[in-house]
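Engineer: Here is what each chain is made of, one letter per residue.
Number of protein chains: 2
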Amino acid sequence: MSEFYTLHKDTLEKAIKAKKDRGYWSAYPETPSRKIYGENAAKDGLAAFQAQLNNEFLMDHPNDLGLIGDEKSPYGFDLKISYPAASVDELVKLSKIAGKAWAKISISERAGILLEILKRTNARSFEMAQAVMHTTGQAFAMAFQAGGPHAQDRALEAVAYAYDTMAEIPARASWVKPQGKHDPLNMEKKFRLIPRGVSSVIGCSTFPTWNTYPGMFASLMTGNSVIIKPLSGAILPAAISVKISREVLVEADIDPNVILLGVDSADAPMTKALVQHADVKIIDYTGNTEFGTWIENNAPQAQVYTEKAGLNSIVIESVDNMRAVAGNIAFSLSLYSGQMCTTPQNIFIPKDGIETADGHLSFDDVTKAIAISVEKLLGDPARANGILGAIQNPATYDRAILANGEANVILKSLEPKNEEFEGARMVGPVLIKVDASQSDIYETEKFGPISYMIACDNAEHALELAASGASQHGAITAAVYSQNEAFIEQTEDAFADAGVALSCNLVGNIFVNQSAAFSDYHVSGANPAGNACLSDTAYVANRFRVAASRKLV
Amino acid sequence: MSEFYTLHKDTLEKAIKAKKDRGYWSAYPETPSRKIYGENAAKDGLAAFQAQLNNEFLMDHPNDLGLIGDEKSPYGFDLKISYPAASVDELVKLSKIAGKAWAKISISERAGILLEILKRTNARSFEMAQAVMHTTGQAFAMAFQAGGPHAQDRALEAVAYAYDTMAEIPARASWVKPQGKHDPLNMEKKFRLIPRGVSSVIGCSTFPTWNTYPGMFASLMTGNSVIIKPLSGAILPAAISVKISREVLVEADIDPNVILLGVDSADAPMTKALVQHADVKIIDYTGNTEFGTWIENNAPQAQVYTEKAGLNSIVIESVDNMRAVAGNIAFSLSLYSGQMCTTPQNIFIPKDGIETADGHLSFDDVTKAIAISVEKLLGDPARANGILGAIQNPATYDRAILANGEANVILKSLEPKNEEFEGARMVGPVLIKVDASQSDIYETEKFGPISYMIACDNAEHALELAASGASQHGAITAAVYSQNEAFIEQTEDAFADAGVALSCNLVGNIFVNQSAAFSDYHVSGANPAGNACLSDTAYVANRFRVAASRKLV
Numbered sequence: 031m032s033e034f035y036t037l038h039k040d041t042l043e044k045a046i047k048a049k050k051d052r053g054y055w056s057a058y059p060e061t062p063s064r065k066i067y068g069e070n071a072a073k074d075g076l077a078a079f080q081a082q083l084n085n086e087f088l089m090d091h092p093n094d095l096g097l098i099g100d101e102k103s104p105y106g107f108d109l110k111i112s113y114p115a116a117s118v119d120e121l122v123k124l125s126k127i128a129g130k131a132w133a134k135i136s137i138s139e140r141a142g143i144l145l146e147i148l149k150r151t152n153a154r155s156f157e158m159a160q161a162v163m164h165t166t167g168q169a170f171a172m173a174f175q176a177g178g179p180h181a182q183d184r185a186l187e188a189v190a191y192a193y194d195t196m197a198e199i200p201a202r203a204s205w206v207k208p209q210g211k212h213d214p215l216n217m218e219k220k221f222r223l224i225p226r227g228v229s230s231v232i233g234c235s236t237f238p239t240w241n242t243y244p245g246m247f248a249s250l251m252t253g254n255s256v257i258i259k260p261l262s263g264a265i266l267p268a269a270i271s272v273k274i275s276r277e278v279l280v281e282a283d284i285d286p287n288v289i290l291l292g293v294d295s296a297d298a299p300m301t302k303a304l305v306q307h308a309d310v311k312i313i314d315y316t317g318n319t320e321f322g323t324w325i326e327n328n329a330p331q332a333q334v335y336t337e338k339a340g341l342n343s344i345v346i347e348s349v350d351n352m353r354a355v356a357g358n359i360a361f362s363l364s365l366y367s368g369q370m371c372t373t374p375q376n377i378f379i380p381k382d383g384i385e386t387a388d389g390h391l392s393f394d395d396v397t398k399a400i401a402i403s404v405e406k407l408l409g410d411p412a413r414a415n416g417i418l419g420a421i422q423n424p425a426t427y428d429r430a431i432l433a434n435g436e437a438n439v440i441l442k443s444l445e446p447k448n449e450e451f452e453g454a455r456m457v458g459p460v461l462i463k464v465d466a467s468q469s470d471i472y473e474t475e476k477f478g479p480i481s482y483m484i485a486c487d488n489a490e491h492a493l494e495l496a497a498s499g500a501s502q503h504g505a506i507t508a509a510v511y512s513q514n515e516a517f518i519e520q521t522e523d524a525f526a527d528a529g530v531a532l533s534c535n536l537v538g539n540i541f542v543n544q545s546a547a548f549s550d551y552h553v554s555g556a557n558p559a560g561n562a563c564l565s566d567t568a569y570v571a572n573r574f575r576v577a578a579s580r581k582l583v
Numbered sequence: 031m032s033e034f035y036t037l038h039k040d041t042l043e044k045a046i047k048a049k050k051d052r053g054y055w056s057a058y059p060e061t062p063s064r065k066i067y068g069e070n071a072a073k074d075g076l077a078a079f080q081a082q083l084n085n086e087f088l089m090d091h092p093n094d095l096g097l098i099g100d101e102k103s104p105y106g107f108d109l110k111i112s113y114p115a116a117s118v119d120e121l122v123k124l125s126k127i128a129g130k131a132w133a134k135i136s137i138s139e140r141a142g143i144l145l146e147i148l149k150r151t152n153a154r155s156f157e158m159a160q161a162v163m164h165t166t167g168q169a170f171a172m173a174f175q176a177g178g179p180h181a182q183d184r185a186l187e188a189v190a191y192a193y194d195t196m197a198e199i200p201a202r203a204s205w206v207k208p209q210g211k212h213d214p215l216n217m218e219k220k221f222r223l224i225p226r227g228v229s230s231v232i233g234c235s236t237f238p239t240w241n242t243y244p245g246m247f248a249s250l251m252t253g254n255s256v257i258i259k260p261l262s263g264a265i266l267p268a269a270i271s272v273k274i275s276r277e278v279l280v281e282a283d284i285d286p287n288v289i290l291l292g293v294d295s296a297d298a299p300m301t302k303a304l305v306q307h308a309d310v311k312i313i314d315y316t317g318n319t320e321f322g323t324w325i326e327n328n329a330p331q332a333q334v335y336t337e338k339a340g341l342n343s344i345v346i347e348s349v350d351n352m353r354a355v356a357g358n359i360a361f362s363l364s365l366y367s368g369q370m371c372t373t374p375q376n377i378f379i380p381k382d383g384i385e386t387a388d389g390h391l392s393f394d395d396v397t398k399a400i401a402i403s404v405e406k407l408l409g410d411p412a413r414a415n416g417i418l419g420a421i422q423n424p425a426t427y428d429r430a431i432l433a434n435g436e437a438n439v440i441l442k443s444l445e446p447k448n449e450e451f452e453g454a455r456m457v458g459p460v461l462i463k464v465d466a467s468q469s470d471i472y473e474t475e476k477f478g479p480i481s482y483m484i485a486c487d488n489a490e491h492a493l494e495l496a497a498s499g500a501s502q503h504g505a506i507t508a509a510v511y512s513q514n515e516a517f518i519e520q521t522e523d524a525f526a527d528a529g530v531a532l533s534c535n536l537v538g539n540i541f542v543n544q545s546a547a548f549s550d551y552h553v554s555g556a557n558p559a560g561n562a563c564l565s566d567t568a569y570v571a572n573r574f575r576v577a578a579s580r581k582l583v
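Protein sequences, first through last, are from chains W and D. The numbering of the first sequence is our numbering, which starts it at 31 and goes up by one. The numbering of the second sequence is our numbering, which starts it at 31 and goes up by one.
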């Protein structure tokens with residue numbers, strides 16, 4: 031068992047160093063290259079995915095409810111995969127039993143097993159890319175990166191935080207207290223790290239690995255057993271992850287029920303029963319705000335970590351080159367059709383326009399520049415397919431179409447053809463002009479490719495609205511464009527107070543939507559968009575406790 | 031301002047090392063010695079206390095509600111001190127304003143200020159001892175140690191945890207991501223530590239500094255402003271602490287409202303309004319279980335850290351020397367008349383008795399040995415006064431007197447005279463024999479000097495009852511006496527599962543009630559006796575968050 035640790039010790043140490051340095055570091059290559067992943071990796075991954083279609087997902091796993099599965103690819107076909115399904119009571123019972131032994135092995139042994147799971151998951155990144163693509167609608171390149179290596183990096187980051195926090199606590203200590211002329215008081219103390227118990231991770235349908243792995247690996251590393259509960263429309267990525275994990279656990283002579291899959295159907299959802307089960311002590315949730323807030327308030331028996339949603343914003347005060355800025359924003363709005371929790375929704379612009387290196391631009395000039403950039407970016411259907419992907423949830427598609435009928439639409443959604451998948455549900459960003467006074471429209475989250483261009487009194491007003499919206503309704507990202515250092519400082523203060531990660535003057539190939547493991551803290555935990563961060567010390571430190579035993583020497 | 035840090039840097043570094051080593055270490059001498067604290071320290075401390083009686087507590091502090099105060103010494107006289115009182119809205123408003131600048135100074139500057147506060151608090155330990163003695167009823171020696179240096183050590187421990195956790199996060203990072211043949215992506219990132227906001231610490235009447243300082247100093251160190259809300263019967267120790275803190279803050283050019291005192295009366299309590307205020311983001315609570323659970327469930331806007339109560343137990347399986355064991359237990363039951371959160375209530379003993387080095391002892395032999403030890407320990411009135419102290423709350427006294435009328439009393443409470451304070455409310459332990467089946471009696475917390483000797487089928491049964499009581503109702507401490515290594519291991523497993531700190535075979539001058547800063551984790555946070563530990567990383571890591579700002583280089 032300790033062989034896995036020996037094998038991966040170096041990676042773990044580098045990860046621990048990286049999360050302190052917070053510079054660029056990655057353990058799992060993000061390039062879908064045959065040189066890295068093997069000559070046939072792409073072909074084999076696709077074949078593995080295709081062989082899985084219309085078939086039972088073979089996994090030695092509790093299944094007292096038989097087989098369940100009804101996934102539909104956003105690219106227009108049914109996956110027809112059925113998964114072993116178990117009831118909440120059965121899952122929790124088996125998880126508790128398996129957790130006993132898992133809690134007792136050393137943190138090095140656990141880290142070794144978890145890094146072996148990640149290594150094997152990494153090797154199957156092409157298969158995972160197909161699974162993520164056809165459950166979330168992400169385009170292939172994004173599904174590979176976000177569903178594969180980037181998610182694996184986030185998992186490793188959680189392991190690194192948990193390991194580092196636990197490693198500080200000595201297993202034994204000698205407590206020798208001087209007593210003047212008398213003999214000292216002398217005690218031997220033992221400290222045992224104890225987990226909370228059963229942990230459940232509630233996944234989302236847009237990032238079924240990237241948002242699931244941090245909670246899963248943080249809880250496993252801290253000695254908890256884990257039940258992964260994917261949404262019924264995006265089971266396959268979680269099922270592959272669970273299967274790999276169980277295989278490694280069996281090899282390490284550990285009860286594989288340390289990690290279980292909770293499969294349900296839209297007709298008979300199990301999530302409420304699972305998160306309210308008396309023995310579920312940790313809950314990680316990613317998803318809509320309403321249900322996340324319900325969990326925060328209705329599972330008092332558990333530690334609850336949430337990533338919900340909010341109102342991400344861009345504030346434009348002044349720019350150097352409008353074209354470069356518009357290009358960057360256009361990509362941010364288009365990427366995965368605005369289905370990222372980091373996609374900007376609200377763009378605040380002074381109604382009298384802005385200054386640029388090439389002179390003054392009116393409000394309409396600015397919005398037009400962005401609209402033109404979107405049109406250009408998505409003008410080529412092949413490129414558009416690669417950027418937009420497809421819409422995961424029909425409700426998101428309907429919302430976007432509805433928004434195209436709103437007043438003052440600046441740019442209607444483009445709906446490029448997808449040559450490869452004719453049934454793909456695709457829709458590009460719709461840009462709508464509103465006045466700052468219309469907060470009833472833009473201060474509601476409109477998940478998907480819908481963005482508001484908001485005419486503000488001036489730049490200060492723009493900043494004030496963006497920051498107060500974030501404080502009140504939550505936000506994960508914000509961006510500012512300004513050539514004025516004092517205004518940038520003001521922006522930094524305002525968004526720090528609102529607990530939002532800020533990006534300043536991004537142009538070129540780096541986007542506000544992107545969040546890099548080991549460097550960017552994803553979600554601050556300091557506004558209504560979520561109470562936790564992926565990852566920081568607070569994310570791991572309360573998943574375990576210390577039990578002590580002391581005796582006289 | 032940074033001078034304070036320079037002055038105390040060495041102490042902080044030692045504290046950080048100590049909390050990792052977890053051996054014996056203390057920054058503040060526990061001996062009330064004139065050599066350490068000065069020739070006149072005892073006399074001056076008493077004089078300062080006496081001068082305060084019947085007077086207004088002079089402190090430059092918000093007071094929109096005028097003056098409030100009605101403390102009564104458990105030693106039989108009224109303190110007649112009145113304190114500046116402010117309304118919840120006023121306190122929170124001023125706390126928020128003061129918090130802005132406090133959040134922005136560096137962690138070294140904050141640490142320096144906090145350690146200067148502790149240094150000055152330490153210098154006034156004799157005055158504090160009087161204040162603690164005459165609000166809690168603790169005997170002088172205990173009031174000095176627990177109210178003074180031990181509380182200061184716990185404060186420093188919280189500062190050390192918070193500083194260490196925050197110091198890991200760099201203020202800046204350079205993120206340079208290779209792009210093959212192209213130029214790397216190059217970003218500069220800034221990370222700002224942001225506090226949660228206003229923190230409120232709800233004190234208890236038995237340990238008004240020891241249990242208040244950890245939350246107070248953890249929140250202050252992490253940049254939050256703090257409102258201390260002592261119970262209306264034990265304000266003075268908190269008021270002295272707040273006054274010293276505000277003086278240091280003013281010297282450091284910081285708005286003293288960073289630390290505020292919330293004074294109320296039993297007739298018009300403010301705690302519910304305070305903890306439910308929308309701007310109160312952190313709550314530390316020590317006190318009874320009912321109100322603690324209410325706070326856990328009714329302040330969703332805040333991070334809540336609780337220390338409540340539970341059923342502490344002793345399991346006796348076998349002993350070497352019964353006399354030594356009985357002496358140790360007798361002291362644990364008698365110390366501060368059982369008013370410690372660490373005092374054992376339930377003593378589980380096999381009904382057929384136990385083995386000792388001197389042969390078999392029956393159940394009655396064991397209970398009789400403990401009863402005799404209590405009688406001997408408290409036989410000398412002067413010594414009894416020094417151990418028992420006085421009873422803080424009349425309800426605790428009434429409960430003890432009532433218990434003396436229960437069936438099967440083994441030892442009735444001794445009520446020794448107090449020569450110095452005639453009106454002292456004093457009562458010694460009452461020991462009551464019950465059968466294991468009478469869980470309705472012993473599975474209820476009876477705060478004060480009431481202990482049950484519980485006749486169990488055998489040692490395994492004793493352990494099972496003790497551990498299940500702890501899991502269900504909470505427990506902070508447990509003790510075991512056994513000469514059988516296998517049974518001790520079994521006990522360690524059972525209490526680790528129940529999240530209780532265990533002491534094995536204590537005899538002599540070390541007691542289950544005692545919990546040493548930097549070494550013993552006080553409260554596990556893993557059973558209903560409380561959700562937090564004083565202190566560990568989890569206690570501090572979620573009191574602040576990280577706000578990031580990044581830009582292209």
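Simulated from the structure, these hints should not be mistaken for laboratory data. Source: prediction; values computed, not measured. Any given hint could turn out to be false.
Copies of one chain are not kept apart here, so a pair can be met inside one copy or by any two copies together.
To be verified - Cross-link-like lysine-lysine pairs, in silico, DSS-like; alpha carbons within 25 Å at most:
no., residue 1, residue 2
1, 47, 302
2, 123, 447
3, 207, 149
4, 311, 442
5, 50, 39
6, 442, 273
7, 442, 110
8, 126, 273
Engineer: Decide, hint by hint, whether the structure agrees.
Structural biologist: Results of checking the hints against the structure:
| no. | hint | verdict |
| --- | --- | --- |
| 1 | 47 to 302 | neither (39 Å within a copy, 44 Å between copies) |
| 2 | 123 to 447 | neither (49 Å within a copy, 57 Å between copies) |
| 3 | 207 to 149 | between (47 Å within a copy, 22 Å between copies) |
| 4 | 311 to 442 | neither (47 Å within a copy, 43 Å between copies) |
| 5 | 50 to 39 | both (17 Å within a copy, 22 Å between copies) |
| 6 | 442 to 273 | neither (43 Å within a copy, 64 Å between copies) |
| 7 | 442 to 110 | neither (35 Å within a copy, 75 Å between copies) |
| 8 | 126 to 273 | within (19 Å within a copy, 50 Å between copies) |
Consistency note: the structure conflicts with the earlier hints numbered 1, 2, 4, 6 and 7.
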